[in-house]
Amino acid sequence: MKLITAIVKPFKLDDIKDALKAAGITGITVSEARGFGRQGGHTETYRGTEYKIDFVPKSRLEIVVDDSEVDGVIETLKASAATGKIGDGKIWITNVERIVRIRTGEEGPDAV
Amino acid sequence: MDINAGATAWVLISAGLVLFMTPGLAFFYAGMVRSKNVLGMLMQNVFAMGLISILWVFVGFSLAFGGTNRYIGNFDFAFLRGVVGDVTKAADLPGYAGTLVVPGLAFMAFQMMFAVITPALISGATADRLKFGSYAVFIGLWSVLVYSPVAHWVFSPTGWLFRRGALDFAGGSAIHINAGIAALVLTMVLGPRRGWMKEAMPPHNLPYTVLGMGILWFGWFGFNAGSALTADGLPAQALVNTHLAAAAAMLTWLLVERLMAKHATTLGAASGAVAGLVAITPCAGYVNSMSAVAIGAIAGIVCFLCLKLKFALKLDDSLDVIAVHLVGGLLGSLLLGFFGDKSATGFGTDGVFFGGGWGLLADQAVAAAAVIVFSGVVTWIIAFGIDKTIGLRVSVEDELVGLDQSQHAEAAYQS
Numbered sequence: 099m100k101l102i103t104a105i106v107k108p109f110k111l112d113d114i115k116d117a118l119k120a121a122g123i124t125g126i127t128v129s130e131a132r133g134f135g136r137q138g139g140h141t142e143t144y145r146g147t148e149y150k151i152d153f154v155p156k157s158r159l160e161i162v163v164d165d166s167e168v169d170g171v172i173e174t175l176k177a178s179a180a181t182g183k184i185g186d187g188k189i190w191i192t193n194v195e196r197i198v199r200i201r202t203g204e205e206g207p208d209a210v
Numbered sequence: 042m043d044i045n046a047g048a049t050a051w052v053l054i055s056a057g058l059v060l061f062m063t064p065g066l067a068f069f070y071a072g073m074v075r076s077k078n079v080l081g082m083l084m085q086n087v088f089a090m091g092l093i094s095i096l097w098v099f100v101g102f103s104l105a106f107g108g109t110n111r112y113i114g115n116f117d118f119a120f121l122r123g124v125v126g127d128v129t130k131a132a133d134l135p136g137y138a139g140t141l142v143v144p145g146l147a148f149m150a151f152q153m154m155f156a157v158i159t160p161a162l163i164s165g166a167t168a169d170r171l172k173f174g175s176y177a178v179f180i181g182l183w184s185v186l187v188y189s190p191v192a193h194w195v196f197s198p199t200g201w202l203f204r205r206g207a208l209d210f211a212g213g214s215a216i217h218i219n220a221g222i223a224a225l226v227l228t229m230v231l232g233p234r235r236g237w238m239k240e241a242m243p244p245h246n247l248p249y250t251v252l253g254m255g256i257l258w259f260g261w262f263g264f265n266a267g268s269a270l271t272a273d274g275l276p277a278q279a280l281v282n283t284h285l286a287a288a289a290a291m292l293t294w295l296l297v298e299r300l301m302a303k304h305a306t307t308l309g310a311a312s313g314a315v316a317g318l319v320a321i322t323p324c325a326g327y328v329n330s331m332s333a334v335a336i337g338a339i340a341g342i343v344c345f346l347c348l349k350l351k352f353a354l355k356l357d358d359s360l361d362v363i364a365v366h367l368v369g370g371l372l373g374s375l376l377l378g379f380f381g382d383k384s385a386t387g388f389g390t391d392g393v394f395f396g397g398g399w400g401l402l403a404d405q406a407v408a409a410a411a412v413i414v415f416s417g418v419v420t421w422i423i424a425f426g427i428d429k430t431i432g433l434r435v436s437v438e439d440e441l442v443g444l445d446q447s448q449h450a451e452a453a454y455q456s
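Those sequence lines, one after another, are chains H and Y.
Residue numbers for the first sequence follow my numbering, beginning at 99 and rising by one.
Residue numbers for the second sequence follow my numbering, beginning at 42 and rising by one.
Next comes chain Y alone, as it looks inside the complex (with noise of 0.2 Å):
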C-alpha cells in the first residue's frame, strides 16, 4: 500500500513521544526513592533506552513481528533486513495484509521505544537494592524471552491472542500486565529492602516526581494515538480518551485518598494520573469518550484501594508497580469486555455494555491469564538463574551506602 504522508508524520512523532516516556518514568520512580538511590533508579531507567534499542533491531524486533507463527517471530527481519525495502511504499508485515500505510522502519521505531519503556517499569519494584549489571543482564534477556513473544501474540495480527479475539490498543496485556506480573515475581525472588515495614522510606523529591508524571502523560498521548497508527479520527478518539482517564483517575484517587488517609496529596495525584493512562491504554482506540471517564475512575479507586496487596503478599513492591501497572493493565484489559463500543471508532468489539455479550470479555480473561503465566514463569526462571549465578542484590554495605555510591561511584547531590 502507498504511505501516507499524515500518518507517517504522526507515527514518527510519536515515536519521539514514547521515548520521552523513559526519563519520565525514570523521574517520576527517582523521586519516590531515598536521596542514596536517585542516580540507581535513574541509570536502570535510561539505560533500557541504550540497551533495549539495540537488542530491538538485532532480534526483538523480528521475533515480535517476523513470520507467520502463532506464538513466536522468526529471524527474517534480524539486523532489520527487509524491514527498510522501497521508501515510497508503506510496510508490508506478515498478518497486516496490507493494512499498514506507513514504512517499514517508522512502524518499527515506534514499536521499539514500547520495548524500551516495559522492562524499565519493572525497576520501581526492585528499587534500592538489585545489582546494576544483573539488572541489565536481567532486562536483557527478559526483553528478548517475554516481551517479544508477548508483543507478538497480543500486537501482531498472527499472534495467537489477537487472532482469538483480544483486544489490545496499545498495551494493556503486552506491557501493563507484563511489567507488572514481571515485577511482582522479581520482587519475591529479590527479596525486600533492608529495613521495609521497620524504618520509614519516604519519597526523597516529590517535585522529581510530579515531573515525571507530566512527561509520562505528554509522552501517553504518543503511546496510545500513535498506535492508531493512522492519522484521522481514531488516533483523536484515542488522545482524548486517553487523556480524559488520566484526569478522572486523578479525581478519584484523590477522593479516595481524602476520605481514607486524610491529605489529598501530591504523590497520590500523581499516582492517580498513571494509574488511569496504565488503565485506558488497551481501551483507548475502542471505547467512547465517557466511558474513558468512566474507566478512570474506577482504575483511580480500585489502584488506590490495591495499594494494601503489597503487605498482605508480604512482597516489597517499592513503588508499587503491582498496584498501579499489574492492576491497572487488568482493570483496563477486563473493562474493555464491558465498555468496548465499536460506534465510537469503527474498530474493536461491542462488550458487555455495547450489546456484545460475554464474548470479547471471554477473550480479554484468556489473553490477560495467559500473559500473566508465560510472564511470570519464564521471568521467574531468569530471575532464579541469575540469583544463583551472578547473584540478583547488592551487599549489605552496598545496599545501607546506596546504589549511587556502590554502583555507579556518583553521588546526585553534593552537600
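If we strip away everything but chain H, and leave its shape as in the complex, we get (with noise of 0.2 Å):
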C-alpha cells in the first residue's frame, strides 16, 4: 500500500478528480494548503504599493492505492495537472503500514 501525496494548483483540481475518477480511482482526499516552491510568492497591489505574498494557495491530494496501481496514478496527475509553467507542483509516494475502513473493520487492499 502506497500514500500518494500531490501538490498542485488549486485550479486545476477538477480536471485531476474526473482523471483519476476515468483511472478507477474510488477516493480522494483533498486539503488547501500554502506554501512556495522554486515558484516563490506572487505580488499583489493595494493602492499603489507592491505586497510580496510569500505563500501562494495550493491544493493538497492525498490517495492510497494498491503498489500495483501507483504508476498509473502518477501518469494521470502528470497528464491532468500539469499546465506546463512553473509552479505545476509536486507528487510523492510514502508507503502505508496498515489501512483500517472504519465501518468494517476491513484491512489492506479490502479496506481502500
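Take the hints with a grain of salt, since some may be wrong.
[Unchecked claim] Pairwise CB distance ranges (calculated):
#1 Y:V128 x H:E148: 50 to 60 Å
#2 Y:A452 x H:T192: 29 to 39 Å
#3 H:E195 x Y:A177: 50 to 60 Å
#4 H:G125 x Y:T307: 55 to 65 Å
#5 H:T141 x Y:L346: 16 to 26 Å
#6 Y:G232 x H:A209: 54 to 64 Å
#7 Y:F394 x H:F109: 29 to 39 Å
#8 Y:R235 x H:T141: 34 to 44 Å
#9 Y:N115 x H:I151: 51 to 61 Å
#10 Y:H304 x H:D116: 24 to 34 Å
#11 Y:H304 x H:E195: 43 to 53 Å
#12 H:E173 x Y:A450: 47 to 57 Å
#13 Y:A450 x H:D112: 50 to 60 Å
#14 Y:Y454 x H:I191: 30 to 40 Å
Treat the hints as calculated values from the structure; they're not laboratory data.
Positions of the beta carbon are idealized from the N, C-alpha and C atoms, including for glycine.
Given two chains presented individually in distinct reference frames, assemble the corresponding complex, making use of the accompanying hints.
Spelled out as C-alpha cells, the structure:
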C-alpha cells in the first residue's frame, strides 16, 4: 500500500478529479494548503504599493492505492495537473503500514 | 420663521442617510485590515454612534451652535435645553437670523450625525494597535475639545471663519481636514503597526470595502445635499455635484493606477470614489455641475499620488486617511476658491475662474490653515496626555493576537 501525496494548482483540481475517476480511483482527500517552491510567491498591489505574498495557495491531494496502481496514478496526475508553467507542483509516494476501514474493520487492499 | 415641510422631511431623511455612513465607513475600513482586527475596526466606528451622540446632546451641539462668540459656543443648549420650543416654528439659532426653515431638533439631529462620523474617520489611520478604552477616551475628548469648536468656527454664522467669508458647504475643513490632521498627529504619537514596512498586511476582505464605499456614496447624498437645509434647487445641485465628483474621481484614480501600478483595482475604484466625495464636500452647493466633474477628476489623481506621502513622512497611516481625507479635504476647500460659482445656485461666492478674484481662495486658505493648526495642536495634547496616563497602544502580545481577541474576546470568523 502506498500513500500518494500531490501538491497542485487549485484551479486544476476539477481536471485532476475527473481524470482520476476515469482511471478508476475510488477516493481522494483534498485540503487547502499554502506554500512556496521554486515558483516563489507572487505580488499583489494595494493602493499603488506592491506586496510580496510568499505563500501561494495550493491544493494538497492524498490518495491511498495498491502498489500496482502507483505508476498509473502518477501518469494520470502528471497529465491532468500540468500546465507547463512553473508552479505545477509535486508528487511524492510513501509507504503505508496499515489501513483500516472504520465501518467494517476491513484491512489492507480491501479497505482502500 | 415658519417650518417648511419639504425641507424638514428632507433634513430628517438626510439625518438617517448620514447616520448610515458610519457603519458604511466601518465596513469600508474593516475590509482593509487583517482578519484578526475586523471587529476592533467595526467596533471603533459603531462605538462613535453611541458615545458621540450622547456627548452631542449633553454639550457638543451647544458648544458648536450656541451663543454669538466667534471662537466657541456656550452652554445655552446643553442637554437640549431650549432646542425644542414651539413644534410649529423653525429653529431660531444664534447667527442664522431666522433663515432656518426646519425645527431645531431636526437641525440638531442632522448635525449630530456629522459629529458622529468625524472622529470615526480617524480610526482608519490607527488601525490594529489602538487600545479600545483609550480610543473611547480620545474620541470623547476630541469631539468636545476639537470638533465642536471647529464646527462653530466654520458652520455657525457667528463663527470667525464663517464671518470672514470662508465657505464650507458640508464639512471639507470642519470634517475632513479636521479628522485628517488629527489622524496624522495621532499616528505620530501612536507609532506604526508592528512589522509595518517589513511584512505584507494586505486587506483581508475587499468585498466589505466595496460594500462600505457603496453605503458611503449613498449616505453622502444626505451629507452634502442635506446640508442645504432646504428642499429646492440647492440640494438638487449639491446632490448632482456629489455624484459627479465621485464618478469622475473613480475614473481618474483608476486611470492613474492602471498607468503607474499596472492594474485597475477594486480597492482603487472604492478609494477613488471616496476621494471624490471628500473633495466635493465643501463645494457641493457652491459650484456648477461641470466644475464638480473637474474637482472630482483632480481629486482622483492628486489623492492617488499622495498615497506616497505616508512613506515620506514615515507614518503608518494604515488605511490612508491622510491621502484621502486630509488631502481630499484640502483640495476641495482650496479648489472652491477657483471654481466657486454664485450663478449655479445663488449661494456662495465667485472664485478665481468665475470672475471673483483671489479673495475667496485666501479665505479658504486661512480656514484650512486655522483648522490644521488648532486641530493638530489640540489632538497632540489629548493623544500625548492619554499616552502618558492610560497608554494608547495595546501590548505586543495583544497586537500580535489581534484586537478582536485581545480587546473584545471575540472572533469575526470561526474556522
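For each hint, the structure was consulted:
At roughly 59 Å, the beta-carbon separation of V128 (chain Y) and E148 (chain H) lies within the given 50 to 60 Å, and the hint holds. As the Cβ distance of A452 (chain Y) to T192 (chain H) is approximately 35 Å, the hint placing it in 29 to 39 Å holds. Taking the beta carbon of each, E195 (chain H) and A177 (chain Y) are about 59 Å apart, inside 50 to 60 Å as hinted. As the Cβ distance of G125 (chain H) to T307 (chain Y) is approximately 39 Å, the hint placing it in 55 to 65 Å is violated.
For T141 (chain H) and L346 (chain Y), the hinted distance range of 16 to 26 Å is satisfied, since their beta carbons lie about 21 Å from each other. The hint said 54 to 64 Å for the Cβ distance between G232 (chain Y) and A209 (chain H), and at roughly 58 Å that hint holds. The given range of 29 to 39 Å is broken by F394 (chain Y) and F109 (chain H), whose C-beta atoms sit roughly 53 Å from each other. Under the hint 34 to 44 Å, the C-beta atoms of R235 (chain Y) and T141 (chain H), about 22 Å apart, miss the expected range.
Range check, N115 (chain Y) to I151 (chain H): Cβ separation about 56 Å, and the 51 to 61 Å hint holds. At about 33 Å, the beta-carbon gap between H304 (chain Y) and D116 (chain H) stays in the expected band of 24 to 34 Å. Checked against the hint of 43 to 53 Å, the pair H304 (chain Y) and E195 (chain H) passes, with Cβ atoms roughly 50 Å apart. In this structure the supplied range 47 to 57 Å holds for E173 (chain H) paired with A450 (chain Y), their Cβ-Cβ distance being about 53 Å.
Remark: the range hint 50 to 60 Å for A450 (chain Y) to D112 (chain H) is contradicted by a beta-carbon distance near 41 Å. Between Y454 (chain Y) and I191 (chain H) the beta carbon distance is about 36 Å. The supplied range of 30 to 40 Å therefore holds.
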